[in-house]
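Trainee: Based on these hints, arrange chains B, C and D on the given structure of chain A.
Chains as they are written, first to last, in the working numbering: chain A, 166 to 500; chain B, 166 to 500; chain C, 166 to 500; chain D, 166 to 500.
Since the hints were made in silico from the structure, they are not lab data.
Errors might be hidden in some of the hints.
Pairs count within a copy or across copies, as identical chains cannot be separated in the list.
[What the hints assert, rightly or not] DSSO-like mimics (lysine-lysine), calculated; alpha carbons at most 27 Å apart, straight line:
id	residue 1	residue 2
1	Lys459	Lys427
2	Lys459	Lys212
3	Lys295	Lys437
4	Lys427	Lys302
5	Lys459	Lys255
4 protein chains.
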Amino acid sequence: MTLNVGVIGVGMIGQEHINRLTNKLVGAKVVALSDVNARQAEETAAKLQGAKVYSTGEALIAAPEVQVVVVTSSGPTHEAYVLAAIKAGKLVFCEKPLATTAEACMRIVEAEIASGRHLVQVGFQRRYDKGYRALKKAIDDGVIGAPLMVHCAHRNPSVPEGYVSDMAIVDTFIHEIDALRWLINDDYVSAQVLVPRNTKHTHAKLDDPIIILLATKGGVRIDGEVFVNCRYGYDILCQVVGEEGVASLPEPESVLLRRDAKLSTTIMQDWKLRFIDSYDVELQDWIEAARAGKVNGPNAWDGYFAAVTADACLEAKRTGTVAPIVTPPRPAFYA
Amino acid sequence: MTLNVGVIGVGMIGQEHINRLTNKLVGAKVVALSDVNARQAEETAAKLQGAKVYSTGEALIAAPEVQVVVVTSSGPTHEAYVLAAIKAGKLVFCEKPLATTAEACMRIVEAEIASGRHLVQVGFQRRYDKGYRALKKAIDDGVIGAPLMVHCAHRNPSVPEGYVSDMAIVDTFIHEIDALRWLINDDYVSAQVLVPRNTKHTHAKLDDPIIILLATKGGVRIDGEVFVNCRYGYDILCQVVGEEGVASLPEPESVLLRRDAKLSTTIMQDWKLRFIDSYDVELQDWIEAARAGKVNGPNAWDGYFAAVTADACLEAKRTGTVAPIVTPPRPAFYA
Amino acid sequence: MTLNVGVIGVGMIGQEHINRLTNKLVGAKVVALSDVNARQAEETAAKLQGAKVYSTGEALIAAPEVQVVVVTSSGPTHEAYVLAAIKAGKLVFCEKPLATTAEACMRIVEAEIASGRHLVQVGFQRRYDKGYRALKKAIDDGVIGAPLMVHCAHRNPSVPEGYVSDMAIVDTFIHEIDALRWLINDDYVSAQVLVPRNTKHTHAKLDDPIIILLATKGGVRIDGEVFVNCRYGYDILCQVVGEEGVASLPEPESVLLRRDAKLSTTIMQDWKLRFIDSYDVELQDWIEAARAGKVNGPNAWDGYFAAVTADACLEAKRTGTVAPIVTPPRPAFYA
Amino acid sequence: MTLNVGVIGVGMIGQEHINRLTNKLVGAKVVALSDVNARQAEETAAKLQGAKVYSTGEALIAAPEVQVVVVTSSGPTHEAYVLAAIKAGKLVFCEKPLATTAEACMRIVEAEIASGRHLVQVGFQRRYDKGYRALKKAIDDGVIGAPLMVHCAHRNPSVPEGYVSDMAIVDTFIHEIDALRWLINDDYVSAQVLVPRNTKHTHAKLDDPIIILLATKGGVRIDGEVFVNCRYGYDILCQVVGEEGVASLPEPESVLLRRDAKLSTTIMQDWKLRFIDSYDVELQDWIEAARAGKVNGPNAWDGYFAAVTADACLEAKRTGTVAPIVTPPRPAFYA
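This is chain A alone, in the form it adopts within the complex:
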């Protein structure tokens, strides 16, 4: 059985997911497309065999041939499409963020609970990265004992002018926000943000670097550096300190070179290369779960929790104080 997928949003990430579904993954077929830019949707459809273009996301969701939905449109549109998919009882994969406000995420959570079915997966792809999975396995297997601290860093060589301070949290650190909760099986209770002197390579509207401190319900302390003009490369570090030992995220495989007085490996420059495999694994896993009518990956509650945490980080940075991270108790539905 091949799964019929409708994709809403055929921009950069949409194109990539369409390519994956069509040429790299098995068990799915893109049968419907929609985009605010109708022409781009038409052009994309022309390259796919038998994909139909719908004028609205809602129409696509309602189409009988569409079994499952992928939402890769712009962030502000996510809420409406995900709610429509829930209403239609169709499984939906929504790229991060689930929605642009915590309130909107909560509306999705409530709608999904009301529907009685698990339908929503959020595109937090790090959970599908080989390195993170190996790290999580070591932790879950008890290799380092109970986690006590996490030290991590998220570094980009540079960012464009349009990248402003809030994005360091809501677009960049959001990946750590989701991945670390999952990694150590814990929830956050407070956030604090430290602002070192800016690098000279940043611009007027961007504080860079920053350090985010998170405390968890279980008493774990996390420090996370975000440094998006670090110059030297795209580099993701994560060290988990436990009661019996310390485990770190693997360095990506690289040829070991002895040249020019250096023993070196290569650090990637492009985040897409760093996590490219994880997108394939993520979407293939979603397809397989979907074919069984299930959701395995990060769910609406995870999307909501990430949004609340990001809001707290923003507030903590603005006020210079420790901001509490407050949510209702996790619904039994997501236990």
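Mentor: Leaving out everything else, chains B, C and D in the frame of chain A:
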């Protein structure tokens, strides 16, 4: 267009390739099976939608719905099936070895040349390993200058009783034989084998470890250790020394652990895990080339060259001398 | 010219320094000893050729044959001996701490300034560690650009029952307090302490681990983990993030081992082994400077600054807030 | 008791040892000098307090105030001085080579045996390198089980024009020749030399790189690369493969740098820096043994064995065959 594949041989490696073609790769479908064990072929077919069982490999090859052939039967049967595929004008992927003697390999080479079409690919999967590809790219990009020496090792934790001395060359080092030629774009001219004291962990019929020395046409010297009872893990090392620098095969990604007075990464125990991704890449690449009517990977000449080299290594070991590696000039067909 | 050294305090660290001065270093000779335990002083003197025992540190300092003084007595006695040495116009090497309160350190600073001569060196030996020196050289050479953040960790496998919470700061982190100022050529302006959940391997009177956050005048942010029951080894990590790159303290040299499915190096268990060479370098450097009538190493102001910083860390931990680190301006004398 | 040392030869290495004995090590004093260049000897003596200059090495050896002798004159003069020291019954430290021919080395061996006392130490400093010592300890402790193979490399960035082919063996690989015997407690029985294509960076009189193959009495196989125009740095690699695991020489400590898309450590350019500490340890150890009237380090037999091995390597290279390494049985005197 989905490629219709016929698979001859449904043993362990056959099952794995069938699973890949069916569940992991795109663009192909297993439509025909054959095995000396007819019952196993039937059982396998029962799990696949619409695969037909043929009583002989030849019948499968002749079947009109079979567009391309995968040969994963036992080594001694390879020659006949590959020749039949060539005769039928069908693309054929043959697991290593291409054939069990150099003469048989040469018959395949001659048949393919006579057919006027490139039809045969041999299953040397290391060329598709991410690490080897990165190493080859560094070499091809001139990062280390012209290669002068290669130091390598092929280690297994242990082997079963049935694994005897010749297998260290024809089953184990054969991978290096093919991969190193490809890596440094060169051919071998002689072989020598050194036999250190045996490890106490070997058995009566197996010299372990051994060291194989190869010289190339271009004057490169290769030393290759084969140690199949090394105890500690499955470990593949390769260091290429060039005029401007030295490049080594990447260590596989692994969580970095600080525990029990050690800073450590994990060494795999199972060769299948080490190269598992490369099989997928190899077969997917073959499918894509096949859909375009081409062969991209290791060809019949490569299979022949590997056989001649392995024979020379065996002779060198038996005689304790340097054995020449003599072949006719590479046919223009394979230029 | 051999320097005549008087040593006050012949306990563990005193014995080590006496051994160094006598058997490992050149240019100095221990000629006088003193200890509250007179018998231990006599026994030590008996092993040295021609060392005289004095009943008090003050008497030793006053002795005409004593040219320079080493203070390795218990912390609370340091102030009096250092002040006496200053009064006598003799160079004095005082093991850390310079004195047990910031006020006492300031009295030493004032006395030294009043004396008009640089006489006091404090025993912060990390500045003499090969690894730290290489790291500082990289920073000073501009290899990573201007520092923005420092991430560090100070881990011990375990501590005895007598080691209580304050010691994590005043005995353990004190090394980072001095070394990091020196490393990045900056001073601290505030401290904050985070207290994760305790490891189950700690005891009732010790919060373990803790994280100390320091901000510097130059806007650098430092996070320092202290974890003294980390179980796995004595491990000192330090990563300095600059505007152009990131430099980390070298891992100590260790045989690289492939065994038991692990690729590993050894992590030391004993802090004495980790920094043993640095003590030799430190004291040899002091002797050479002393022979030239100078002080090269960490001075009284450094001892004072470390004491003020440690006090602020203790206060920050007690109050759970950010504690300012306030000192008078650095006297021109120490510019 | 300070040892009175006479130094014969005040060239580069002589100056370094004089400096060590005078300024860095304890327990010895240079009291006598001699050199074919009398003026240089006088100039050197002028800088030392109370060192007397002798017109010949023999006169220096005979001088009553000279207790022990250091020979750092040119290689061809070693034999005569060492024999004279033996005749005088004085301990002598002779820089490598012990003598320039195996026969001359044997005459020293015979003279020392005839004298009935252990007097001669040869300057093979690698045995005193921290990394080699750690590697030897791992082997001796049985961590990797019985050794079966050794893979090693000795690389220099470049050599001057005067460095010709034989020197790759007698000046460069000679260090491995001595160190590996000591490392694995074994003796060599044969040598073979492989000559890859020359690097374009070599000159007309130098085959570079070469590979030396040694077999030991115990059946261990050694392959050693010598590559003295490798361009990228001074790099010493050594991997010992045992029945239970594999141990490699530590990489020298180095700051870990993330910069310019590379994760790197620094490779040294200068062999003197690489082994500088080992010279201090070697000579200090010799002084301490000498004060006890003993020889701890590499002895005359080791010097002889190295000379015989180097001769066999030269012959193997010249003839292109396997050259036997034949010596009389090790005399009981050196057991």
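Trainee: Look at each hint and say if it fits the structure.
Mentor: Taking the hints in turn, this is what the structure says about them:
1. Lys459 x Lys427: This pair counts as neither: shortest intra-copy Cα distance 50 Å, inter-copy 38 Å.
2. Lys459 x Lys212: between (30 Å within a copy, 23 Å between copies)
3. Lys295 x Lys437: both (15 Å within a copy, 17 Å between copies)
4. Lys427 x Lys302: Between copies, since 17 Å is at most 27 Å while 33 Å is not.
5. Lys459 x Lys255: within (11 Å within a copy, 42 Å between copies)
Hint 1 alone, counting from the list given before, is not met by this structure.
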